[in-house]
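**Q** Sequence:
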Amino acid sequence: MALSLSRFYDSVRHPAARSLASEGSSVFGFDHLRGHKYCLLVTYRRSGQPVPTPVWFGLGDGRLYVRSDADAAKVKRIRNDPRARVGPCTARGKPLGPPADGRARVLDERSEIAAAEAALEANYGLGRRLYERAGGALGIETLYLEVTPA
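Residue numbers (this note's numbering): 127 to 276.
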């Protein structure tokens, strides 16, 4: 099921989403993401090929936070290569601004997870809580990612 869902997301992703990976980084930090609901998170395969994924995000203390399915491909890619690039985008991944480079990691400390959840909550509120509960009802294990400016 996860593979077919991934193919579906690939099929609806905006064609310009891949352009963010090849564009030069022109900003430092993530302040340019404020006011946006989606960012394009670019992670890298072992081959070095960039993979863009539109995600919900939260900002806090100069860091960007994302919640993801634990078995998502982006999590595997981040565990293998922490390089990341982010920029504002539409829900389908059409870039809306310049990219910024970062270093990503999976959070495992309880206090870090609480900070990540607070950042996401601040950006989305009730709608996100309802969406997340639906995923929890399906038994999907999730985790949090943190991206720091590089």
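Hints in this document: simulated from the structure, not taken from any laboratory.
Certain hints may be false.
Distance condition first, Cα-Cα at most 30 Å in a straight line; then the derived DSBU-like pairs of lysine-lysine [claimed, not checked]:
#1 163 <-> 200
#2 163 <-> 220
#3 200 <-> 220
#4 220 <-> 202
#5 163 <-> 202
**Q** Each hint: holds or not?
**A** Status of each hint after checking the structure:
The suggested pairing of residue 163 with residue 200 holds, with an alpha-carbon distance near 19 Å, which does not exceed 30 Å. Using a Cα cut-off of 30 Å, the hinted pair residue 163 and residue 220 holds, with the two alpha carbons roughly 13 Å apart. Using a Cα cut-off of 30 Å, the hinted pair residue 200 and residue 220 holds, with the two alpha carbons roughly 18 Å apart. The straight-line distance between the Cα atoms of residue 220 and residue 202 is roughly 24 Å, inside the 30 Å bound, and the hint therefore holds.
Proposed proximity of residue 163 and residue 202 is supported: the alpha carbons are some 24 Å apart, at most 30 Å.
In summary, the structure agrees with every hint in the numbered list given earlier.
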